[in-house]
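*Asks:* Residue numbers (our numbering), protein chains in the order written: chain A, -9 to 501; chain B, 54 to 374; chain C, 54 to 374; chain D, 108 to 397.
Treat the hints as calculated values from the structure; they're not laboratory data. Heads up, some of the hints might be wrong.
[What the hints assert, rightly or not] A partial selection of chain C residues facing chain D, derived with a Cβ cut-off under 7 angstroms:
#1 PRO83
#2 THR84
#3 THR88
#4 LEU92
#5 ALA96
#6 ASN98
#7 THR100
#8 ASN101
#9 ARG196
#10 ASN203
#11 GLY210
#12 THR289
#13 THR295
#14 LEU345
#15 ASN347
[Stated by the list, open to error] To be clear about the criterion: a stretch of chain C counts as covered by chain B if any three or more of its residues have a C-beta under 8 angstroms from a C-beta of chain B, and this derived list gives those stretches:
#16 135 to 146
#17 228 to 236
#18 268 to 282
#19 353 to 361
Cβ atoms here follow ideal geometry from the backbone N, Cα and C, with glycine treated the same way.
Take a look at the letters that make up each chain.
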Amino acid sequence: MTDTSTTSEKGPQPILRARNVGKSFGGVHALRDVSIDVYAGEVHAIVGENGAGKSTFGKILGGAIPADSGSFELDGRTVTICNPIDAQQLGITIIFQELDLFPNLSVAENIAIRNLAYSDRLLVNRKRMAEFCLPMLKRVGLDVDPGTMLGDLHLGHQQLVAIARALSMNARVIVFDESTSSLSDEFVENLFQVIDLLRSEGIACIFISHKMEELFRISDRVTVLRDGEYVGSRPASELPQDELIGMMVGRKVSEQTRAESHAAGEVLFECTGLRTRRLHDISFTLHRGEVMGLAGLIGAGRGELGKALFGLTRIVGGQMSLESRPYLPRSPRHAIELGVGLVPRDRKTEGLMMQMSVRDNTTLASLSDLNALGLIRQREESTVVERVGTQTRLRASGAHAEVSSLSGGNQQKVLLGRWLLVEPKVYFFDDPTRGVDIGAKHDIYDLIEQQAARGKGVLFVSSELPELLRCCDRILVLNQGKQVALLQSDATSAEEILRYATSQASQAVAS
Amino acid sequence: MKSFVLRNRTLIQSSAGLLVIFVAAILLSPTDLRTDEVLFLKADNLTNMLRVSAPVAIIALGMTLVILTGGIDLSVGSTLAFCSVVAALGLSEWNLGIFAAILLAILAGGAVGLLNGSLIAWLKVQPFVITLASMIGVRGLTRWLSNNQNIQLRTAGEVAVRFFEFFSQKTVMIGLFVLLAAVFALLLSGTVFGRYVRALGDNAKASVYAGLPIKRVQIAVYTLTGLLAGLAGVLTCARTTTGNPNDGIAAELDVIAVVVIGGTSLAGGRGSIVGTVIGALIIAILVNILGLRNVGANEQLMLKAVIIVVAVVMQHQRTSS
Amino acid sequence: MKSFVLRNRTLIQSSAGLLVIFVAAILLSPTDLRTDEVLFLKADNLTNMLRVSAPVAIIALGMTLVILTGGIDLSVGSTLAFCSVVAALGLSEWNLGIFAAILLAILAGGAVGLLNGSLIAWLKVQPFVITLASMIGVRGLTRWLSNNQNIQLRTAGEVAVRFFEFFSQKTVMIGLFVLLAAVFALLLSGTVFGRYVRALGDNAKASVYAGLPIKRVQIAVYTLTGLLAGLAGVLTCARTTTGNPNDGIAAELDVIAVVVIGGTSLAGGRGSIVGTVIGALIIAILVNILGLRNVGANEQLMLKAVIIVVAVVMQHQRTSS
Amino acid sequence: GSQEQAATKRLVVFSQCNNAEPYRASQNERFQELFSKHPDIKFVISDGQADASKQISQIENAILQKPDVLIVAPLERSALSGVMGEAMAAGIPTICLERDIAEPNYTTFVSCDNVEIGRLAGQFIVDYLTKKNGAAQGVFVEISGMQGVQAAKDRHDGAFEVLQQHPEIKVAHQATGNWFQAEAMARMEEALSANAEIDVVYAHNDPMAYGAYLAAKEQGRHEEIAFVGVDGLPHEGVKYVEDGILAATFEYPLCVDKAVELTVQLLADKEFTPEKTYILESRSILGKAD
Ligand SMILES: Nc1ncnc2c1ncn2[C@@H]1O[C@H](COP(=O)(O)OP(=O)(O)OP(=O)(O)O)[C@@H](O)[C@H]1O
Ligand SMILES: Nc1ncnc2c1ncn2[C@@H]1O[C@H](COP(=O)(O)OP(=O)(O)OP(=O)(O)O)[C@@H](O)[C@H]1O
Ligand SMILES: [Mg+2]
Ligand SMILES: [Mg+2]
């Protein structure tokens, strides 16, 4: 397993060298001949479009899948990584894009589980386990009782638990695969402080993300992958954003500014004094063609609002109306019938049927349009799927490809495609750009604008404020389930929104 | 072409498995001492084999849908007996016509299925539990209804005789299965309903978010399975000229074995009707050849266990590779 | 305090359910005509009730672990019969001592479990299928071994007599159950192994990434369950002074019902030993009171179905709210 | 030589409705024992696995092999009538064993009668109670076989035909043991709890009667109760009676000896026409006390 090789002449020794790594799935080359050096104490960003092979590289490093070809050196010694345990023993840990946690175990158990695996102890000592976890939780800035069931935590907090677990492993190389995609800004900042700390401790962080600001904020070096191939590595400080995007996409993407507003005077949807178990007194009107942003910290209640609109949570008080008619959905099915569509945040659990094809997933919510006496009009279906695929610039091997074989971003596009076909009057997009590459993000912005231009009303949740400022006419800020501001987006700023989102003023009213 | 092969790998390899066992059966079959014919291949034997497996195979069609939604139905054996007894009572004691008796029996099966489906959909209790309960309860009901007796048709008058003479014919029993298999294959692959069945088994939560009529789909698959169990009961009643309240004990396991050997995953979302038909044939040939070779009953059980595992392992290596 | 209530909601409400059925049993119990005693509450009746349910309850302890890992074991009924026959043969024909016969029988159960677990872990076939196959195969093996006869211990000499006299005592049978329940409760809640069991059922993929010894955990839970089924077989053998190859038919369903009524989810990850003990008591009381009131066998089945559903619905509304 | 022998060997097929019961296993054993004395006969047993459709199809398969004699122990009265008619139509001499079928589709029927056995048991119980209590009165407990099985119903009906003529006999408890000793013990414990006095327990087979005995013995109440079983297999019921555990059991004849005798005659003499029915009497096996 070990084999000493000659030391290179100059510069510091890379802690990890990947040499000519290749991997293909069936006919698809996910990685071709990729060589990357990672140094101790650096934050090394890996970027690229959806499907470029970033996660595949991370998974190979973490031992989740084997490489087809290529080799790895750790501290100059050739090593083999066949499974997650190999990787962990070599000090490589990956925090997956899809969380690999145990919802029915406590936070402490989730963090300590790998250490249990290495201990030769028979009995579990709860107290010691808590003592073991608390520093890790502190390092990631998560303040919860270690005895809490993980499943009771918000997704963003679960992400932090995953990071805490990685920290507990004494890893020397940590791969963060889109760890920030489900985090709101405050948690991102928190995470970056953690990463800064790790960097100063000489730990190498491989950071995969689609968020440009984050990349430039945190990374020392950037490696670009395109279509599974290595494009190049550059110090982050010497790389202008335009050029980076050019390297990723192979073309120029014009960073458009604020989209045209399509908001008309006519009220489409109205919500007065809406209350649920976690929402208090939400009131707003949504006009035809209007895009309204929803801002707030994690747990502020944006998702809860979506659930209320979609018949997924019990409405305790207040009224809603759609096109001046009372609107009270009993279930998502009913909501769709009445003309409201929700694109869920978590595509894996709430969105897609992973074992079904692109075609089946795309038309699933609009099969009634293809229905002829119960039978599906197959030819028409193929046409429709093709059209939507083009519209969303989906990259897949075909309409029959299983969704589980697509990259994260392309999965997101399938989900969007499904809802484009439903054509509701009001859209609720819950973080639609999560895990989507920069090019595709703009495609999604365009899609949203198109819907607005067609007279739809759009509610748009995002944890990225620039995105909200770019796309929305107005921005509704939620804070602990209460509506704290309704801002005109061309008359506000990220700072103002953040101030409302984080203000403690409302707390007194809350309790 | 290549993508066709890839997409239908499970089926192609299932068929290969069927072919293997078919050839093995021919090689292992005893021959007629006088005419040197291979007994297994005699038309009479093959049709006997198909007829005897028809009731289980018919129920397996519905069970495939149930399992595809991520559910399970343990009550089909009891339902079979229930409907067999209802049909027999209808003909021999309630003096119904053939058509009315059959209709009543099949609807009785549908009612059990409807109850199962409704309880599962509305109470949101695990299908294993609901159908376990109805497996127990329906057995009690059936014995109570029949007064703990076998209801005999042979001596129950002309209508009854016409009933069993018609329905126990090979062409009828095998034909019904073939017809239903075609209908269910279309139902699963060509209809909106079929798409929903798969979607539900693949990801129940996402099905809610996609606005699918989940409750209706659940109720429908259990009701269909109940109706098929009812039909199987009618056929069993005709075939045995008896409504036996103890028919179909442990039949649910045979049915599930057929579906699973046919490549349908108990986790839901993956599987096909063609697979189930192949599974039914594999089991039918297996049982038939063991019988023809006159393997002892206990040894048969042991061999059956081994072959189920082997069949499913072959299935599995396929899907994982 | 509040968090304690929240965390143990399932258990608290299970206990409430147990209390309800206990009180109902007292109210419904016939009384002794002469002494006016409530028959259900008589010490003899209560201990009889516990002893009768001991074999199923003992197996349910292991089944809880199996189900927590997301698996299922359908072979326990057959294994019970197998071990009962092995114990009987050991004492009456192979002339083993008491200790050796018991050990052999329990190990035989462990061997079945080991085989189940190994096949599940290494072949990666669904537990339902593997244990369905072994349910069939072990039954065949048992009948073959016993030559389809009940193996009588009564006439098998003094060693055998001492064996059954000792093991059929109430204190022994109930005591063994209590002891094992305590051991398994500790195993599940206090040990590293217990954490792995829960983790595996909670998220199998994450367990792989966490480097948990998944295969060993799987093999262990099935082996433990096999050993318990072996012990249950020994107890049944002692209690009936007979090794009956047809014992324990459909016992797997009783065992699973006990576990599920105790609040363990068939999806894995959620459940407890205390819950299973409560589930066993609920079923035991139910059967006992129906017997004391001398409800007809068929009506018993129907009532049992209803009560299983009601018990699990109470469970469910708890977990979902 | 051996090939010639094989060619002239006569084939006898026995369709057993279910192997996995001691009574049936004993039948099979006895058949094999007796036919082993006839090297010119190839004797084959097939197992219906307690499923009428399976047994029908097995007989159909047997017909394909044109046996020289077919012996059937039918699972159900009505179910097997048709296929046995087919065998007859195919010119195969067919012996119906032990259970009657709906139509006389057999060459000969070797019968034994569960209702009659029930009557014998009922009469025994009446006599016993009369002797014990001075009149036909007392407390009676029944533990039946699996509900819905004809034998259980017949054994019940026969007994009650007699018992109902004696209203002073109180039927205190009726439970189902599903033929199993273990279940009978559990049910008997409940019966004992619910009834301070019991005079007679009648179980539909010997293992259940023995189970009831064990349950009573543990509470020290076995002396006061008479246990009555059915089946009378040599190493089971007969022993129980010999050892004073059961007061009586009633043999359910294996019918095998007669069937083999008839088979041999049929094979030897094409002209031989057996009688339509041979009724084998059930033997009452009574304890020493009586
Ligand atoms: N299990 C699989 N089966 C088939 N193809 C796969 C599989 N996993 C990944 N691929 C393919 O490999 C390619 C690289 O995927 P990967 O997930 O590494 O992309 P990514 O760079 O992480 O994209 P994203 O930014 O969307 O997460 C894609 O074309 C994808 O479709
Ligand atoms: N304050 C809270 N009380 C109870 N549960 C909460 C709370 N905050 C978050 N959760 C849990 O997190 C889950 C995630 O919900 P959701 O995304 O709807 O949260 P949200 O409040 O809408 O946050 P966001 O504004 O980030 O969308 C909830 O279903 C709930 O289980
Ligand atoms: Mg990725
Ligand atoms: Mg939200």
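*Asks:* For every hint, state whether the structure bears it out.
*Replies:* Tested hints:
{"no.": "1", "hint": "PRO83", "result": "holds (6 angstroms)"}
{"no.": "2", "hint": "THR84", "result": "violated (10 angstroms)"}
{"no.": "3", "hint": "THR88", "result": "violated (9 angstroms)"}
{"no.": "4", "hint": "LEU92", "result": "holds (5 angstroms)"}
{"no.": "5", "hint": "ALA96", "result": "violated (11 angstroms)"}
{"no.": "6", "hint": "ASN98", "result": "holds (4 angstroms)"}
{"no.": "7", "hint": "THR100", "result": "violated (10 angstroms)"}
{"no.": "8", "hint": "ASN101", "result": "holds (4 angstroms)"}
{"no.": "9", "hint": "ARG196", "result": "holds (5 angstroms)"}
{"no.": "10", "hint": "ASN203", "result": "holds (5 angstroms)"}
{"no.": "11", "hint": "GLY210", "result": "violated (14 angstroms)"}
{"no.": "12", "hint": "THR289", "result": "holds (6 angstroms)"}
{"no.": "13", "hint": "THR295", "result": "holds (6 angstroms)"}
{"no.": "14", "hint": "LEU345", "result": "holds (5 angstroms)"}
{"no.": "15", "hint": "ASN347", "result": "holds (5 angstroms)"}
{"no.": "16", "hint": "135 to 146", "result": "violated (count 0)"}
{"no.": "17", "hint": "228 to 236", "result": "violated (count 0)"}
{"no.": "18", "hint": "268 to 282", "result": "violated (count 0)"}
{"no.": "19", "hint": "353 to 361", "result": "holds (count 7)"}
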